[in-house]
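Fit the two chains together into the complex; they arrive one by one in their own frames, and the hints show the way.
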Amino acid sequence: MIKSKRLGEILSNTLIYVVLSILSIIWLIPIVWLILQSFRLEIGAISTRFFPLNYTLSNYTRLFEYDTILQGKFPVWFMNTLLVATVTMVISTILVLLTSYAFSRLRFPARMPMMKLILVLGLFPGFMSMIAVYNILRLMGLTGSIIGLMFIYSGGAGFGYYISKGYFDTISKAIDEAAMIDGASRAQIFWHIILPLSKPIVIYTMITSFIGPWGDYIFARLLLGENIDQYTVATGLVWILDRANINEYFTRFAAGSVIVATPITLLFLFLQRYYVSGVTGGSVKG
Amino acid sequence: MKDELRSEPFYIWIPQSILDFIIQILKVAFEFTLSIFTSLYDFLKTTGKVIVSLAKKGYEGLIKYSRIFIKGNYKTKLSFLLMGFGAYTNGQIVKGILYQLLQVVSLGLLIFFFGPYIAKLNTLGDTLGTPVTYDPGNPNADPFGYVPAQPGDNSMIILLLSVGGIILAALLYYFYLQNLRLAEANEMTLQVGKRPIPFKEEVKQLLNERFHITVLSWPVFFSFIFTVLPLVFMILIAFTEFDRFHQPPGSLFTWVGLDNFINMFSGQNAFYSRLPRTLWAILQWSFVWAIFATFLNYFFGMILALMINKKGIKLKVLWRTVFVITIAVPQFISLLIMRNFFNEQGPFVNFLIDLGLVGPGYGPFLTKESARFWVIVINLWVGVPYTMLITSGILMNIPADLYESATIDGAGSITKFFKITLPYMLFVTGPYLVTAFIGNINNFNIIYFLTGGGPSSQQLFQAGHTDLLVTWLFRLTLFDSDYKMASTLGILIFMISSFFSLIIFSRTGGIKAEDSFQ
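Sequences listed follow chains A and B, in order.
Be aware that the first sequence starts at 91, since it is given in the numbering used here, and climbs by one per residue.
Be aware that the second sequence starts at -13, since it is given in the numbering used here, and climbs by one per residue.
Treat the hints as calculated values from the structure; they're not laboratory data.
Please read all numbers here as calculations on a predicted model, not as lab measurements.
Watch out, some of these pointers could steer you wrong.
Residues of chain B placed beyond 12 Å of chain A at every Cβ, according to the derived structure [as the list claims (entries may be wrong)]:
no.: 1; residue: Leu67
no.: 2; residue: Gly179
no.: 3; residue: Phe185
no.: 4; residue: Ser442
Calculated cross-link-like contacts (lysine-lysine; reagent style DSSO-like; alpha-carbon spacing at most 30 Å) [stated by the list, open to error]:
no.: 5; chain 1: A; residue 1: Lys289; chain 2: A; residue 2: Lys206
no.: 6; chain 1: A; residue 1: Lys206; chain 2: B; residue 2: Lys43
no.: 7; chain 1: A; residue 1: Lys263; chain 2: B; residue 2: Lys296
no.: 8; chain 1: B; residue 1: Lys35; chain 2: B; residue 2: Lys50
no.: 9; chain 1: A; residue 1: Lys206; chain 2: B; residue 2: Lys31
Built from N, CA and C at the ideal position, the CB exists for glycine as well.
Just chain B, with the same shape it has in the complex (with noise of 0.2 Å):
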């Protein structure tokens, strides 16, 4: 039977497991799709669902704190106006104060820092700020003539402030409810009989079964600020006129709707006619590039670990370590380097002109078909021994019994490689592979230090042709200071990132399933 099959020419197998492979791709591709549809149809699902959720509880939470007003004692009915009321009052003193200075502090800062900036939410600013002038005639100007300069809005900070005061306010509210709910939850206890937690035991709940609360608060407090605010401020920037000729503090701007969304795809408006072409011209190439840069470094790093780890390979440790290296090499240093080894006068290309492949005057990254390879080929430098350490991790999980009826089955290493370990790679790896495709997606070092998106195109608007989504967003920042568009274009970014994890999680069952590994 086993001389049957070695007598077999070499041959057969290669054309049948290519032919499988291709199957393979065919039906993933077609779940992919499928897939597509079946999120979009979750999604839409979903959101319908927290609409509907969200009013349900809105309004049994209406019902239920109207009752506790209706039924509490004065002592809770209090509550509703003076936060800790029914905690200070039912024996928990310290609790109680807590709650109190929460309320007037919050309630202070809402009315007197936050509150200006808040009422001028609908227009962002009204008046602008004017330096010092001399005018005698003028009513406020000093003996000298000179009218003093008058602070103006600042629409930038009035949004800014607005949204962190909205904040604030939502987490006052939530405190409020809480203090709703402690009021009531201590004339049941007192009308039982028992007395109120003491705040000593409260302090050393902190430490067990409310360990959370001590633990996360920081974070929490942490992320609100340098990561909840920001993005919410940007994701508002999306819909006013903030750019290079509306800045603040020498000039407002204000609210114009969807106007950004509608010249980023219409280009209606004449400055911004190359827009629609940009983008989409950006879009396809940051695809391109998303897909190559994920699967030929996935591809290279699985083979790379194979041959490390393949039996009878020795001084494994040295391999892994040169490998190891270039991941320890500040990116910023390596791809600036490798820029000028690049460079159209660098080693590289007089090595190619010595060789006489390319004629003087070639540079790798000139040309727009030119750049895009290269950059793709350097990825891999950076990328493969990245995917190297996380595939081999893996590789060696295959169980052994796989492969050992493989062989007795006669398979070859080739055959073995496309049936069982690129099958079982691609079963285990596949929500990584979605999250590294996002994340080449907002791949920003590689292309800013080695081309800085160049060569620049006259056909796109600020944009360059290795430029992907997320340079030409920081270009539209930093160069342009276009923040309305940069912002409009963080939120397609978004869109087509949550877009693609939403095909992850419908698949993977994704942090719904998450309990069940434990």
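Next comes chain A alone, as it looks inside the complex (with noise of 0.2 Å):
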């Protein structure tokens, strides 16, 4: 009986191992082909090889120099993005906590009526006002420059309240209480109790919200137009991918992208386990 039950848990185990090793490859596969692509020596927008028939550095270095088309721009994106990125992360991880700290904690006339409001609002297509964001934008004379950028990241934060409400949601309000019969105020009591307590979900929101500006192409490009000194990384590799000379700058656009994923990736890695708190967190109430 005890060894058939091993040798069918092994058998299992083994299918397991097996199954888990090629979807590994499978979700490996569109990664290792761009690190590929970067070192890539042959020109053009598509190879038909999995491997490179030569490899080479270059796709790196020149990203770096000066050409007609690039203008030595690569390096002025990646400090535009970390920039937008930083104060993205700053601005909008405050609005999260405070909103989020308000709908948990407090009580006040408005708090449902405002809950009801933003999950309302929530529904309808972000790329619906995506224009009228765009005229806002230009009365203020933000259009064309990072700094409205930083707005549109940053804006409607609050509305994302909803993860780390649910955490604070989990916090026992016994602590809130014997820290206000101690005379604490709900500001001391949000600074020097919750934020300390809430560390996963600190982390979670910085990590998302700094990571967005990375990704975001759609509304970088809106704002931007054709500004390319104020391009982010995302814009601007799209845009060396939109010219007519998609087929010289692929391997760069591969070899940009791999310099733009791999501090993302390697954050992401180191501060995993926030990030699945944060997710997992989320989900369970609904």
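Shown next, in the form of structure tokens:
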């Protein structure tokens, strides 16, 4: 009996290892291919081969050199994105945490109506208001610059309160009450009690808001127009692909993508457990 | 007993559990249909209730404030004219001045800045600007005979600033009522012989009892400018003729009532004759896509999570990391790479040709059916790691004794999956699934970067065979500048999304029960 059970266990585990290995390969193929393309010597947008014929580092080095299309802008784009991402991260983390704290901990007449309103507004597709946002920023003279972009990314941040509110809800209210008896104000409770207890969700909010600007193409492209000095990496990299010379630039796009994706992926992997806690925390309560 | 169960041939439980599964699905489908009607009913009921309660509140407010006016002393009475009067004459100097400033500044803005725009809201402007012209006979001409350019109306700015002005007016109205209540409260406090709260105390309150005001004012301010205002503006656009033929500053646009909605559904207008057909085709595909994308991702993500988290499987962190990497890579990168990888001359097709599975000339994104199939498959690559993360946390929370008792009863792992895991997961993550479904109807990145909506079709109006409602909206906006139709479509998407959300909230109690979790 026991032996056969063991055998079945081993068999099923082996099967799982095989399946997991195959799936891992499938999931890594596009990423490995991206890395291989970034070292490809042959030019051309499309390569029929998985492995390049010849390898080179020039795709990377040429990203930082001056040529007629790139104009040496890649480092500029990188710094722009870093700046936008950092500012966005600070502003939206503050806005999100404050909003979720208010909805989770404080009781005031407008609480329910506000939460319902946010829910309803969230059901409109985000692209719908794109043109209006563009025009508002144009009236403020902020189109074509990354400052406008910072406004777009962090402006509606309070609406993303849901996940961190869910986290704050799990912290026992008895702690607040005890602190209030000791004479702490709500502001002090937030800074000295709730925030230190919510490290995972603070980090989750920071990662997601920091990573957002690295991946957003649509809003950045719309807002920045043809002003390539202010481009972010996403707009810049897609822009060199959109050109008639995609054939020459595809491998450089791949190299640029690797440069962009590497730090983000590393950041992600280091902070993985916070990210996981955020994602799972937000979904259980629905 | 145990041995008896074990001696049953293995195939007995297969049909049984599959049958159960099908019955479960039918049951869910039935309840779902039923809940559509109940939520429609709820929706109508709630709307009615809201209207009645608003009317009631308005009436009560009218009585309340007229009573304040009649019974109040001269300070309170003057507060109806000068905001903050009941504060600065009753010892709350700073607060009173702030109210007064608010009144002066907002009224000034409303009258001198927003006023001219709001005045033109009914027509959205009537005079076009003129460029510099040469006309020596014109009385306005300069000594060289050139008439300077005349700024005209810009319908879009009129609409945008009118909406902004109306929002500001609503805010002012709110603070005006606050000011009246404050004046009355101060009068009462003084009558009892106490002093109104000094300003210092009030600032302290902002960090304690009224911390929510401090905390929420910034998010509210930002969301009003970047979310509420644009949204209201775009909703209004659906009732105008704003498109590339009526684009300011070159030309004006005006209100057209429900014409856009009528065109969307009837196609009577020759220019929009293909519109109803396109809407229908895209709606169908959006639903098919959302169903497949949601449930396949969920199902495979859960199976992946089960495999990784199974007892006895080693290197769990490594397996999870492999899949998490794909979440970390920005989507525009991974999807553009995929587009080239799956190109008709790319390595994937080449590989298939080498295997002899397809002939040359095959491309995954070239025909309607194939493009749709591959978009769904590639979406698995994008979505499964994410659902794997979500489900693994919940899977670990399933009470272990459920499985133990099932094992004692002799259930196999497949039976356990269908009888315990799946029902439990569906129960816990039901709301998440509907949210994910709505998210998938609005899933922009995958379609935009992989196919761009293609393969394109002459049968459809400004759309391709893989376009979803939201990518179609994007196309209408950016490539076609058909803002009015894009906004109309946006309102339709909103109606679809809110319909599904209503179903979740009527089923789960939604945010009504939110407090009970704490």
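_Please verify whether Lys206 of chain A and Lys31 of chain B have alpha carbons no more than 30 Å apart._
Holds, at about 17 Å.
_Pair hint outcome, Lys263 of chain A versus Lys296 of chain B [Cα-Cα no greater than 30 Å]_ = violated (36 Å)
*Are the Cα positions of Lys35 of chain B and Lys50 of chain B separated by 30 Å at most?*
Within the cut-off at roughly 22 Å; holds.
*Beyond 12 Å from every chain A Cβ: check whether that's true for Ser442 of chain B.*
holds (18 Å)
_Verify this label for me: Phe185 of chain B is non-interface relative to chain A, using a Cβ-Cβ cutoff of 12 Å._
holds (17 Å)
*Does the claim that Leu67 of chain B lies outside the interface with chain A hold up, using a Cβ gap greater than 12 Å?*
Check passes; 27 Å lies beyond 12 Å.
*Quick one, are Lys206 of chain A and Lys43 of chain B close enough, alpha carbons at most 30 Å?*
Cα-Cα ~19 Å, so holds.
*Under the criterion that the straight-line Cα-Cα distance not exceed 30 Å, is the pair Lys289 of chain A, Lys206 of chain A satisfied?*
Holds, at about 27 Å.
*For Gly179 of chain B, which was marked as not at the interface, is the minimum beta-carbon distance to chain A over 12 Å?*
holds (29 Å)
Checked against the numbered hints given earlier, this structure breaks only hint 7.
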